[in-house]
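Engineer: What follows is the residue order along each chain.
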Amino acid sequence: KQEVTQIPAALSVPEGENLVLNCSFTDSAIYNLQWFRQDPGKGLTSLLLIQSSQREQTSGRLNASLDKSSGRSTLYIAASQPGDSATYLCAVSGEYGNKLVFGAGTILRVKS
Amino acid sequence: GAVVSQHPSRVICKSGTSVKIECRSLDFQATTMFWYRQFPKKSLMLMATSNEGSKATYEQGVEKDKFLINHASLTLSTLTVTSAHPEDSSFYICSAFSESRTDTQYFGPGTRLTVL
Numbered sequence: 141k142q143e144v145t146q147i148p149a150a151l152s153v154p155e156g157e158n159l160v161l162n163c164s165f166t167d168s169a170i171y172n173l174q175w176f177r178q179d180p181g182k183g184l185t186s187l188l189l190i191q192s193s194q195r196e197q198t199s200g201r202l203n204a205s206l207d208k209s210s211g212r213s214t215l216y217i218a219a220s221q222p223g224d225s226a227t228y229l230c231a232v233s234g235e236y237g238n239k240l241v242f243g244a245g246t247i248l249r250v251k252s
Numbered sequence: 104g105a106v107v108s109q110h111p112s113r114v115i116c117k118s119g120t121s122v123k124i125e126c127r128s129l130d131f132q133a134t135t136m137f138w139y140r141q142f143p144k145k146s147l148m149l150m151a152t153s154n155e156g157s158k159a160t161y162e163q164g165v166e167k168d169k170f171l172i173n174h175a176s177l178t179l180s181t182l183t184v185t186s187a188h189p190e191d192s193s194f195y196i197c198s199a200f201s202e203s204r205t206d207t208q209y210f211g212p213g214t215r216l217t218v219l
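So the protein sequences, as listed, match chains A and B.
Each position in the first sequence, counted from 1, maps to that position plus 140 in this note's numbering.
Each position in the second sequence, counted from 1, maps to that position plus 103 in this note's numbering.
Simulated from the structure, these hints should not be mistaken for lab results.
Warning: the hint list may mix true and false statements.
Stated by the list, open to error - What follows is a set of in silico ranges between Cβ atoms, one per label pair, in the way DEER data are often shown:
| # | chain 1 | residue 1 | chain 2 | residue 2 | range |
| --- | --- | --- | --- | --- | --- |
| 1 | B | V106 | A | A169 | 27 to 33 Å |
| 2 | A | R212 | B | K144 | 43 to 49 Å |
| 3 | B | D130 | A | T198 | 34 to 40 Å |
| 4 | A | L159 | B | M148 | 37 to 43 Å |
| 5 | A | D207 | B | I115 | 43 to 49 Å |
| 6 | B | D130 | A | N162 | 30 to 36 Å |
| 7 | A | N162 | B | T160 | 30 to 36 Å |
| 8 | A | S209 | B | H110 | 39 to 45 Å |
Said to hold, decoys possible - Here are the simulated DSSO-like pairs of lysine-lysine, each with C-alpha atoms no more than 30 Å apart in a straight line:
| # | chain 1 | residue 1 | chain 2 | residue 2 |
| --- | --- | --- | --- | --- |
| 9 | A | K208 | B | K145 |
| 10 | A | K182 | B | K158 |
| 11 | A | K239 | B | K167 |
| 12 | A | K182 | B | K144 |
| 13 | B | K144 | B | K169 |
| 14 | A | K141 | B | K117 |
| 15 | B | K117 | A | K182 |
| 16 | A | K141 | B | K158 |
| 17 | B | K145 | A | K239 |
| 18 | B | K158 | B | K169 |
| 19 | B | K145 | B | K167 |
| 20 | B | K123 | A | K239 |
| 21 | B | K167 | A | K141 |
| 22 | B | K145 | A | K182 |
| 23 | B | K144 | A | K208 |
| 24 | A | K251 | B | K145 |
| 25 | B | K167 | A | K182 |
| 26 | B | K117 | B | K169 |
| 27 | A | K251 | A | K141 |
| 28 | B | K169 | A | K208 |
| 29 | A | K208 | B | K158 |
| 30 | B | K169 | A | K239 |
| 31 | B | K123 | A | K208 |
| 32 | B | K145 | A | K141 |
| 33 | A | K251 | B | K167 |
Everything numeric in this text was worked out from a predicted model, so none of it was measured.
Backbone N, C-alpha and C fix where the C-beta goes; we use that ideal spot for every residue, glycine too.
Please take these sequences and the hints and turn them into a complete structure.
Structural biologist: Here is the structure:
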């Protein structure tokens with residue numbers, strides 16, 4: 141059974157700092173891995189999707205890496221801003237887009 | 104990106120009543136829709152997978168007679184919480200998936216259910 145763990149559970153940083161969120165999964169036989177953002181009481185916004193054959197994806201100030209063999213992914217946020225404050229969720233898919241298994245998330249607070 | 108809506112966004116009901124939540128894919132046909140449940144400060148837990156025109160597949164531990172799912176068309180799935188109890192209070196999120204689009208699920212904004 142796939143299990144996804146995210147570390148740290150919560151993170152508070154001053155504005156402008158670069159930061160790294162970690163995600164690990166127990167079964168390396170994944171199809172893809174996604175990072176999502178969730179604002180309080182809201183749905184999910186997909187940030188980055190990495191196919192199992194890829195090593196990283198970048199979008200603006202965000203960079204996600206994937207090491208499938210070791211079961212790890214990181215989300216790097218450069219020059220953090222207060223607007224980045226949210227919960228960040230990592231999820232893996234073992235089939236073609238089906239059955240996402242989510243981590244518990246990292247609650248990020250960027251202080252101005 | 105694709106748009107998925109949920110209705111209602113928030114509902115408060117009395118214990119023992121039934122509540123229906125709608126999930127609609129607004130600009131694409133979803134071959135599969137998923138229903139998730141999220142407790143405060145917890146991650147999303149998949150409840151069931153529904154394919155248009157067929158019975159939903161429920162995850163272990165989810166009561167199919169309590170959480171009725173209907174996927175009547177390629178753009179609409181409904182979740183009915185029957186005989187709701189306070190422990191059913193939660194945030195319910197749906198997502199829609201189409202094999203003809205990208206390898207991702209598109210998530211709705213969620214429905215906050217409070218059972219008194």
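Engineer: Hints numbered earlier in the text: which of these fail when held up against the supplied structure?
Structural biologist: 2, 3, 4, 14, 27, 28, 29, 31, 33
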